[in-house]
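As a plain string of letters, each chain reads:
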Amino acid sequence: MLESVPATQPNKVAEAVAAPYLTRTEIERGTFYRQPVPRFIAGLPVADEVWRLAKEKKLVPHIETAVRLARESFKDIQEIKLTYSPDPEIPHWEMIAIDLYAAGTMDELLQADAKYRRAFTTTIPDEAQFNICLLLWADMKDGVLHEETN
Amino acid sequence: MMEAKEFLSVAQKLAQMRSEASIRSAYSRAYYGIFNTGLKLLNELGFILPNDASSHELLYQRLNNCGIPDIENLASRLKTLRLKRNSADYDMKNRGFQSHAECEFAIASVKLMIAQLESCYHQPLRNQLKDGIQEYERKINRGSIASA
Numbered sequence: 296m297l298e299s300v301p302a303t304q305p306n307k308v309a310e311a312v313a314a315p316y317l318t319r320t321e322i323e324r325g326t327f328y329r330q331p332v333p334r335f336i337a338g339l340p341v342a343d344e345v346w347r348l349a350k351e352k353k354l355v356p357h358i359e360t361a362v363r364l365a366r367e368s369f370k371d372i373q374e375i376k377l378t379y380s381p382d383p384e385i386p387h388w389e390m391i392a393i394d395l396y397a398a399g400t401m402d403e404l405l406q407a408d409a410k411y412r413r414a415f416t417t418t419i420p421d422e423a424q425f426n427i428c429l430l431l432w433a434d435m436k437d438g439v440l441h442e443e444t445n
Numbered sequence: 390m391m392e393a394k395e396f397l398s399v400a401q402k403l404a405q406m407r408s409e410a411s412i413r414s415a416y417s418r419a420y421y422g423i424f425n426t427g428l429k430l431l432n433e434l435g436f437i438l439p440n441d442a443s444s445h446e447l448l449y450q451r452l453n454n455c456g457i458p459d460i461e462n463l464a465s466r467l468k469t470l471r472l473k474r475n476s477a478d479y480d481m482k483n484r485g486f487q488s489h490a491e492c493e494f495a496i497a498s499v500k501l502m503i504a505q506l507e508s509c510y511h512q513p514l515r516n517q518l519k520d521g522i523q524e525y526e527r528k529i530n531r532g533s534i535a536s537a
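Quick mapping for you: the protein sequence lines, in order, are chains A and B. Heads up, the first sequence is in the numbering used here, so the first residue is 296 and it goes up one at a time. Heads up, the second sequence is in the numbering used here, so the first residue is 390 and it goes up one at a time.
I should point out that these hints are in silico values taken from the structure, not numbers from a laboratory. Note that the coordinates shown come from a computational prediction; the quantities given were computed from them, not determined experimentally. Do not rely on the hints blindly, as some may be mistaken.
Stated by the list, open to error - Listed next, the stretches of chain A that the computed footprint assigns to chain B, with coverage defined by at least 3 CB atoms under 8 Å from CB atoms of chain B:
#1 375-385
#2 392-404
#3 421-432
Stated by the list, open to error - Under the rule of at most 25 Å between Cα atoms (straight-line distance), these lysine-lysine pairs were calculated in the PhoX-like manner:
#4 K528(B) x K353(A)
#5 K436(A) x K500(B)
#6 K376(A) x K350(A)
#7 K436(A) x K402(B)
#8 K376(A) x K482(B)
#9 K370(A) x K500(B)
#10 K352(A) x K528(B)
Where is the CB? At the ideal position from N, CA and C, for every residue including glycine.
I would like the entire structure built from these sequences, with the hints used as guidance.
Structure follows, in structure tokens:
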């Protein structure tokens with residue numbers, strides 16, 4: 296005796312047969328889009344605007360160097376992202392920011408920041424420095440300043 | 390005349406208020422503290438920058454190409470602070486402005502930067518900086534004449 300599929304359950308065999316035809320129909324209708332090819336710089340996924348500026352200004356190898364220098368300078372890195380950062384007040388001033396989330400005490404972070412910037416200004420060519428910028432987001436592990444500035 | 394570094398006292402007070410709006414405003418004040426300190430220094434050395442938005446970039450370029458490594462590092466931090474200030478004032482989606490401790494770290498950096506710029510009023514740094522910027526300006530002027 297044949298077992299019948301209850302009406303409430305999906306018919307798996309029918310779905311498998313129908314799927315290729317559905318996909319083909321989507322292609323024919325032009326509603327099927329390829330996923331954009333993911334782009335990476337220094338192993339980090341980047342948005343189209345970052346990729347465009349990096350290619351236009353020939354920054355890719357310099358961004359890779361800058362990210363390496365950041366990884367070498369900061370001990371406790373939680374995340375690194377590359378973001379496109381145009382200046383809203385100065386039309387042609389556009390940068391790729393290395394958003395670096397790092398933890399440490401204030402002294403550790405100040406020292407790491409100074410180490411990175413020394414290495415950055417001596418390693419990256421002047422013409423590339425303008426469009427690359429480290430943006431440090433610090434997770435402070437110690438107290439804060441309360442003194443007044445004179 | 391108001392001293393630009395007075396903005397830093399305001400920035401510290403804002404950071405200690407610990408709300409996101411005050412932290413965002415603190416970044417903005419801290420940036421303008423160092424920016425105006427830099428403008429004043431260059432003015433004293435005889436470099437008059439225009440009184441418009443282009444002066445942000447012109448100041449950065451001059452400090453970043455002056456040939457003094459410490460000042461070039463400072464220029465790099467100035468650029469970072471401008472980016473943060475832009476984000477603080479224009480990007481309400483950015484969630485990075487909730488930590489007053491992080492903001493005070495930035496203010497501590499700016500205090501060091503202001504002290505560093507003030508040291509440039511004294512010799513021999515004063516002449517080194519002036520000569521370095523003059524050399525940079527000669528270079529870019531040569532470049533613009535050549536490309537004209």
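For each hint, the structure was consulted:
no.	hint	result
1	375-385	holds (count 5)
2	392-404	holds (count 3)
3	421-432	holds (count 8)
4	K528(B) x K353(A)	holds, 22 Å
5	K436(A) x K500(B)	holds, 20 Å
6	K376(A) x K350(A)	holds, 18 Å
7	K436(A) x K402(B)	holds, 21 Å
8	K376(A) x K482(B)	holds, 16 Å
9	K370(A) x K500(B)	holds, 24 Å
10	K352(A) x K528(B)	holds, 21 Å
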